[in-house]
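K.L.:
Residue-level listing of the chains:
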Amino acid sequence: MMFDSPMLLLLTAGSGATVGTYIGLAIIVLGLLALLYTSIKAIEVDRRIVFLFIFVAVSIPILFPITFEEKATPVVKRIFDKIESLPEGSRILLSFDFDPAMAPEVQPMADAVMRHALAKNHRVIFMSLWATGQGLLDRTMQRILPNEFPDKVDGVDFASVGYTAGNEGVLNVIVSDFKKMFPSDANSIPLDSLPVFNRFSSCKDLDLVVTFGGGKPGAKEWVLFVGDKANVPVAVGVAAVVAPQMYPYFPNQVLGIMGGIKGAAEYESELIKHYPQFAEQPTPGMVMMGPQTLAHIVIIAFIVFGNVAYFFGRRREEKP
Amino acid sequence: MKKTSVIILSGVVILFLVSWLVKGASLSGEENPYLQGFLTTFAAFLTLAVFSFLYRDNPFYKFAEHLFVGASAAYWMTLGFWQTLVKKLIPKLSDGLANFFEVPTEEHSYWYFLPVILGLLLLMRLSKKGGWLSRWPLAFIVGYTAGINFVGYLRSDFVKQVSSTFVPLLIDWQGVGHFFSNFSLAIDGQFVMMLANVVIFVGVLCGLVYFFFSKEHTGLFGTASRVGIWILMITFGASFGYTVMGRISLLVGRLTFLFKDWLGLIS
Amino acid sequence: MKRQVPLLITFFVGTLLIVSIFSPATENLGEEFSVFFDVIAVFAFFLGGGNLLRVHLTKISRKREDWVYSVVTLVGFIVMLWAGLFKIGNEGGIAASVTEESSLFGMVFYSVLIPLQSTMYSLLAFFIASASYRAFRAKNREATILLVAAFIILLGRTAFGTMLTSWMPPSLSLAEIPNLAIWIMNSPNLAGQRAIMIGIGLGVVSMSLRIILGVERTYLGDDGK
Numbered sequence: 042m043m044f045d046s047p048m049l050l051l052l053t054a055g056s057g058a059t060v061g062t063y064i065g066l067a068i069i070v071l072g073l074l075a076l077l078y079t080s081i082k083a084i085e086v087d088r089r090i091v092f093l094f095i096f097v098a099v100s101i102p103i104l105f106p107i108t109f110e111e112k113a114t115p116v117v118k119r120i121f122d123k124i125e126s127l128p129e130g131s132r133i134l135l136s137f138d139f140d141p142a143m144a145p146e147v148q149p150m151a152d153a154v155m156r157h158a159l160a161k162n163h164r165v166i167f168m169s170l171w172a173t174g175q176g177l178l179d180r181t182m183q184r185i186l187p188n189e190f191p192d193k194v195d196g197v198d199f200a201s202v203g204y205t206a207g208n209e210g211v212l213n214v215i216v217s218d219f220k221k222m223f224p225s226d227a228n229s230i231p232l233d234s235l236p237v238f239n240r241f242s243s244c245k246d247l248d249l250v251v252t253f254g255g256g257k258p259g260a261k262e263w264v265l266f267v268g269d270k271a272n273v274p275v276a277v278g279v280a281a282v283v284a285p286q287m288y289p290y291f292p293n294q295v296l297g298i299m300g301g302i303k304g305a306a307e308y309e310s311e312l313i314k315h316y317p318q319f320a321e322q323p324t325p326g327m328v329m330m331g332p333q334t335l336a337h338i339v340i341i342a343f344i345v346f347g348n349v350a351y352f353f354g355r356r357r358e359e360k361p
Numbered sequence: 239m240k241k242t243s244v245i246i247l248s249g250v251v252i253l254f255l256v257s258w259l260v261k262g263a264s265l266s267g268e269e270n271p272y273l274q275g276f277l278t279t280f281a282a283f284l285t286l287a288v289f290s291f292l293y294r295d296n297p298f299y300k301f302a303e304h305l306f307v308g309a310s311a312a313y314w315m316t317l318g319f320w321q322t323l324v325k326k327l328i329p330k331l332s333d334g335l336a337n338f339f340e341v342p343t344e345e346h347s348y349w350y351f352l353p354v355i356l357g358l359l360l361l362m363r364l365s366k367k368g369g370w371l372s373r374w375p376l377a378f379i380v381g382y383t384a385g386i387n388f389v390g391y392l393r394s395d396f397v398k399q400v401s402s403t404f405v406p407l408l409i410d411w412q413g414v415g416h417f418f419s420n421f422s423l424a425i426d427g428q429f430v431m432m433l434a435n436v437v438i439f440v441g442v443l444c445g446l447v448y449f450f451f452s453k454e455h456t457g458l459f460g461t462a463s464r465v466g467i468w469i470l471m472i473t474f475g476a477s478f479g480y481t482v483m484g485r486i487s488l489l490v491g492r493l494t495f496l497f498k499d500w501l502g503l504i505s
Numbered sequence: 760m761k762r763q764v765p766l767l768i769t770f771f772v773g774t775l776l777i778v779s780i781f782s783p784a785t786e787n788l789g790e791e792f793s794v795f796f797d798v799i800a801v802f803a804f805f806l807g808g809g810n811l812l813r814v815h816l817t818k819i820s821r822k823r824e825d826w827v828y829s830v831v832t833l834v835g836f837i838v839m840l841w842a843g844l845f846k847i848g849n850e851g852g853i854a855a856s857v858t859e860e861s862s863l864f865g866m867v868f869y870s871v872l873i874p875l876q877s878t879m880y881s882l883l884a885f886f887i888a889s890a891s892y893r894a895f896r897a898k899n900r901e902a903t904i905l906l907v908a909a910f911i912i913l914l915g916r917t918a919f920g921t922m923l924t925s926w927m928p929p930s931l932s933l934a935e936i937p938n939l940a941i942w943i944m945n946s947p948n949l950a951g952q953r954a955i956m957i958g959i960g961l962g963v964v965s966m967s968l969r970i971i972l973g974v975e976r977t978y979l980g981d982d983g984k
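Protein chains in written order, with the numbering used here: chain A, 42 to 361; chain B, 239 to 505; chain C, 760 to 984.
No lab work stands behind these hints, which were simulated from the structure alone.
Among the hints, erroneous ones may be present.
A short, non-exhaustive set of chain B residues, derived as facing chain C with CB atoms under 10 Å [to be verified]:
(1) L360
(2) S402
(3) P406
(4) I409
(5) F418
(6) F497
Model, not experiment: these values are computed from the prediction.
Quick reminder that beta carbons are idealized off the backbone N, C-alpha and C, glycines included.
Using the sequences and the hints, build the whole thing.
P.N.:
Here's what the structure looks like:
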């Protein structure tokens, strides 16, 4: 069977396959064969059948997970290496420039980079250019900091200044005067009274900026109005849709790119390799690569079948 | 209301209540289990209401869509009020208000009445007679955006892009003999690295030729334009691949919520 | 008054922003204008809220089709606004972050806005799957190039792509699908994106100049003509 072998090959590469996985994959294979048959016979398929198919194809590997080994590609590893090579106490700014729509892709990157920066004892400043980013930022901090870094002190080891309106206007100010745009942190404490902001006046005093996003304002604005203007290294973690647009900036204007869930999975794998203590923590990026892989295969099959139907349809039309 | 609509609505209400009670009971060890149970069930209900659009447009989807519009507008307004007006504007204008909102006071600057006036003029857009006054703040916004983008785009998206395109085409070149004796298709090999730079240089040039419409695309110019299309097609193919990846991730995220947080089927 | 003042404001603000890059004397003014811009942006949010109220109240009062859903919009709007502006249930009091998880505002954000927004976008997965089956046809050379590039990226970004070609010798490692995907991203994709970027960059620069100099006036509406 033409689709049996790739599916079986997939199982041999992944780990954690169960009986449910095999049954689920068998259902998908049978479905694909049925779709191939309808394509050849030029039978009209209701779009809702296609919707149901993609629902099943994504659900099965979530319910019966298969995980794959990930290896960081150079474009992701450069970000990891930069954070790793900075001396302890370096100042890193993490900007949560995303909304719930992008969160499944971008949140795992933000979690992994946050864990890495704090584990390396860097001083971390959190902010957001998106109103929705502040809600997600607060939630991330409440989820990770008290449980995994109980000894880290707010205002000393990290601080959140939250969101402020103004898009690139915000960046235009913080590049030369951070406290003018953010006079106080998210809890209304003046920045001057927080040790993490000692001898810190603008983005020029940062050792690294990592922005997580996928819209406007986001990675592009950080490059245009901070990275290039103040010569601050900027690394980006972006939704997959935006990732290809970031490549012209790499490597001169952008230190590294984490693109989509694959970028997150690569960073997570690199983090666990160097910091085994985080193996106990959730790795949503790596977990999501199972359903992602299967869905990619199904989408490729859809395109091939669509073209098969097109090919047979044309042949039928050409016949007298 | 039709009989079938009443039956469907009743079924959804019953399912919601059952889910709420079961979820609340399953969270009994946690703080406010039934509140948490309600919130999780409501989030799941909204998720399924949006998914129901895939079958066809229906009242559940319309309910979810309209709720989103209202709550979202209020969310942005609230964040704007607390994070910008309270933290940045009020300390510049009034100590009394700053103390009321418990934000640090700052040196007063009455220049800050200017954006307030412009902001109020912007709200005049809601009035039929004074609507034209909203053009003043609009002019400020447009002028500001044009000014800031002029330099930013010129520096980062034009000058730096052009300079990054002039890359060495012969990397680690030690003569033709050395090149052919060490020829390989290894990803980090000399040939592949040189090929990458050639594709970048030629690709950018041909891509720009394709976008240049002031000259007819014939002869050498036409050939360059054709190569430009191919490069752009690869670019769009890559973008399509990444878009599929991104959209699937979002679906995985939602289904994980349903199976894990709501139904508890996976740990 | 209706036309000349806005054009003058645009010219003054735009020119000052450009000059502030080159001259330290005006740098501070440029920063002040950025803060002003932020404040006005918040009033734009209020304008959006006001407009939403006007549209839906009109719809309800005139009992237009689907007016019941306008009630839903208004209830969502008012509850969220009330919870946020009064920081209902905020443990840290008035000074604490408005999005604190325990507050009513935080709860509505987590259990209403997050599921709604993320599910709306996840619908696109279904539509892109359906489009893949129905619309992507290798009708000509260009479309075939696009599809082949997409296949390589789709396979190359998963473990499946690694498996298919992991038997390749190191001297042919470019032909491994994941490496090919990386090469496509770093080379032809970069070139294509850069050509687009340069084109857009020049477009933004020329449009900015047209706006600042008052040649482009469409933002003024009909009176701008």
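K.L.:
Give a verdict on every hint.
P.N.:
For each hint, the structure was consulted:
1. Evaluation of the L360 (chain B) hint against chain C yields a held restraint, the C-beta minimum of about 5 Å falling below 10 Å.
2. Hint status for S402 (chain B): holds, given a least beta-carbon distance of 8 Å to chain C, under 10 Å.
3. The restraint placing P406 (chain B) at the interface with chain C is violated, with a minimum CB-CB distance near 14 Å, outside the 10 Å limit.
4. Residue-level restraint check for I409 (chain B) is violated (minimum Cβ-Cβ distance to chain C is 13 Å; threshold 10 Å).
5. Interface restraint check: F418 (chain B) against chain C, minimum CB-CB distance 14 Å, threshold 10 Å, status violated.
6. Proximity of F497 (chain B) to chain C is violated relative to the hint, the smallest CB-CB distance being about 14 Å (cut-off 10 Å).
Going down the numbered hints, you'll see the structure goes against 3, 4, 5, 6, while the others check out.
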